[in-house]
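J.: What follows is each chain in one-letter form.
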Amino acid sequence: MVYIESYALSCALGKSTKSSVENIKEFTSEPSTLSDKNKYYYIDEHQEQDYYESIIKIAKEALEEANLSKEAINKIGLFIGTSSAKLPINEALLKQTDEMLAQPNLSELSSIIMNALEIKGFNTIISTACTASANALVQAKEMIESGLIEKALVLGIELFNELSIKGFNSFQLLSQDKIRPFDQHRDGVILGEGVSAIVLGKRPSAFEFIGGSSLLDTLSITSSSAQNLLNIMKRTMTKANLAPRDISVIKAHATGTIQNDLSEAQALNELFPNHPYIIALKPYIGHTMGACGTNEVVLLLEALKQNFIPKTLNFTTQSSDYPLVPLSINSPAIKGYYLLNYLGFGGNNCCLILKYSGV
Amino acid sequence: MYIYAFSNHQEIAIKQLSDKKKLLKTRVNRADNFVNLTLLGIEKCLQNIVLKKETNLYISSKDGNINSTIKILEAIFRKEQLPMPFNFLNSVNASILFFVAKNFGLEGKGIFTDTFESALLQAYVDVKNGKTVLIGLVNEAIADLDLHRKKFKVQEVTEQSQWLVLSPKLEGENALAQISDVKIQTSEQATKHSTNDLFDFLEDNNTQSSCPFNYKHLSFMVRKC
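If you read the protein sequences in the order shown, they are chains A and B. Here the working numbering is used: the first residue of the first sequence is 1, the next is one more, and so on. Here the working numbering is used: the first residue of the second sequence is 1, the next is one more, and so on.
Hints listed in this document are in silico derivations from the structure and should not be mistaken for laboratory results. Nothing here was measured: the structure is a model prediction, and the numbers come from that model. Among the hints, a few may not be true.
As the list claims (entries may be wrong) - If you anchor each label on the Cβ, the simulated ranges turn out as follows:
id, chain 1, residue 1, chain 2, residue 2, range
1, A, Asn-330, B, Ala-143, 20 to 30 Å
2, B, Glu-54, A, Asn-307, 36 to 46 Å
3, B, Met-84, A, Leu-219, 43 to 53 Å
4, A, Ala-243, B, Lys-52, 43 to 53 Å
Stated by the list, open to error - In silico lysine-lysine, DSSO-like type, Cα no more than 30 Å apart, as pairs:
id, chain 1, residue 1, chain 2, residue 2
5, B, Lys-169, A, Lys-239
6, B, Lys-131, A, Lys-166
7, B, Lys-79, A, Lys-239
8, B, Lys-128, B, Lys-52
9, B, Lys-21, B, Lys-62
10, B, Lys-44, A, Lys-120
11, B, Lys-22, A, Lys-95
12, A, Lys-75, B, Lys-131
13, B, Lys-52, B, Lys-150
14, B, Lys-102, A, Lys-120
15, A, Lys-234, B, Lys-71
16, B, Lys-151, B, Lys-183
17, B, Lys-21, A, Lys-37
18, A, Lys-202, B, Lys-192
19, B, Lys-15, A, Lys-239
20, A, Lys-239, B, Lys-192
21, B, Lys-131, A, Lys-70
22, A, Lys-95, B, Lys-128
23, A, Lys-120, B, Lys-25
24, B, Lys-153, A, Lys-95
25, A, Lys-95, B, Lys-44
26, A, Lys-60, B, Lys-21
27, B, Lys-71, A, Lys-166
28, B, Lys-25, B, Lys-79
29, A, Lys-239, A, Lys-166
30, A, Lys-70, B, Lys-102
31, B, Lys-79, A, Lys-37
32, B, Lys-52, A, Lys-239
33, B, Lys-44, B, Lys-192
34, A, Lys-166, B, Lys-151
35, B, Lys-52, B, Lys-15
36, A, Lys-60, B, Lys-153
37, B, Lys-131, B, Lys-79
38, B, Lys-216, A, Lys-234
Ideal Cβ positions, reconstructed from N, Cα and C, are used throughout, including at glycine.
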């Protein structure tokens with residue numbers, strides 16, 4: 001069995017995990033408006049030159065919370081999930097020096113983090129767009145279960161870069177108003193930055209990582225199919241010996257885009273006709289792309305630790321296409337199984353199941 | 001873990017990048033140099049083998065689709081334009097997984113990683129769990145070859161698309177080689193081999209029948225069957 005031994009997060013809600021989740025109760029995070037009128041959820045006071053500092057700080061917090069020996073840190077497996085990787089650095093250098101891709105090599109990202117943290121073992125950067133850090137969690141869990149490593153540090157990293165915003169804009173996927181998950185009037189997503197760290201291992205905690213699955217989806221390169229989402233949720237539950245009735249809460253991917261919310265709602269309605277609680281977390285911190293996997297796990301777990309399940313913001317009108325209403329008020333935490341969906345560009349979907357057994 | 005097929009596509013670019021479309025059996029819409037290089041290596045690998053749709057896919061690359069990324073950064077920062085949508089899509093590392101999955105009918109897990117050795121260890125876990133894996137390393141060169149030489153401090157510009165089909169022992173199928181004694185190493189231990197060494201060993205019929213391989217964080221033994 002694999003457990004979440006510790007976690008840490010920095011996002012638009014706050015620079016610490018605890019303060020971020022306290023801010024969910026009295027929602028205080030609003031996106032900034034960029035010069036092109038698009039919106040973006042920034043981490044407060046984060047600067048481009050803080051790139052590695054921001055990541056290393058969060059990783060250290062999680063390692064300290066897990067109370068690992070130096071030897072255990074040396075041997076820990078490092079799994080980084082990111083979509084933009086070093087693009088923020090390369091964009092900053094391009095603005096300063098006009099040099100194109102001044103630091104192209106993806107692996108330098110892990111080298112610098114490993115040196116700072118004194119990690120000397122297995123490391124990988126997983127870059128599967130918006131499923132990256134969710135996939136990193138699945139890969140880390142499977143490697144722990146194989147016996148090759150004892151513990152894993154999983155990092156989700158996504159910091160401001162113009163390429164992602166302008167790329168999403170080129171597909172007309174950005175909302176200039178609000179992220180409205182599953183709402184009739186949803187009109188797109190707002191991107192955000194966030195860094196999170198999760199330590200996985202076999203030391204029992206309140207949060208067991210039951211399992212996860214990842215599947216290629218070849219219907220469309222830009223959106224996910226309901227059938228693939230149905231398949232992946234079924235597969236993840238089957239691997240965990242669970243049935244739909246066993247799931248207490250679903251954290252949907254819920255970007256607020258027309259097509260992906262439609263596909264996800266269709267799949268959820270078919271598999272869970274008696275809806276459990278369905279929540280969406282992107283309206284709090286924006287869509288943090290490659291980091292949303294770990295960011296949203298940490299937000300959810302810390303909320304449970306603070307004894308509530310977060311409501312979904314900005315839902316006002318039920319869609320005429322499907323009967324799905326997300327949780328609209330903060331509700332007391334419940335013990336049980338939590339299913340989390342992640343959908344990605346490039347036909348890549350991921351589903352996780354966590355078990356909360358009470359603090 | 002057994003190797004059932006491999007390909008070792010490497011080419012040197014002298015004046016410009018080659019037109020890989022001419023060598024591909026199938027044409028793919030919106031495919032650029034990185035996509036075609038990837039597909040070319042896989043076509044060679046799968047000449048004599050049909051993969052099950054459940055096969056997992058690992059693609060590793062040092063810099064990903066570097067030419068698409070450069071085009072987008074030029075559009076944004078030098079021309080102050082929005083990127084072309086499909087340049088943006090091709091620059092997203094996950095997109096290459098889509099092109100391969102669509103073209104070869106794969107529906108398993110798809111992972112893009114930075115290094116071949118890290119992909120290999122993750123594939124090893126999958127194979128231990130009974131899965132078949134298609135795993136490759138793809139590095140394309142910058143189309144502006146002078147820029148490539150300058151940026152990467154090399155004289156010779158090479159591109160590579162190297163692939164393996166890995167699986168547990170399959171009844172009735174002849175494996176080419178076996179990978180065993182897979183171990184994680186700490187970074188203090190010296191790296192002795194490159195990915196090319198592994199593929200050159202597999203390709204060369206005159207070498208010894210077994211060879212230990214040492215990478216920065218991984219060691220294993222390969223025995224030809």
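J.: Which hints from the list above does the structure break, by number from lowest to highest?
T.: The structure conflicts with hints 1, 3, 4, 6, 7, 10, 11, 13, 14, 15, 16, 17, 18, 19, 20, 21, 22, 23, 25, 26, 28, 29, 30, 35, 36, 37 and 38, although it agrees with all the remaining ones.
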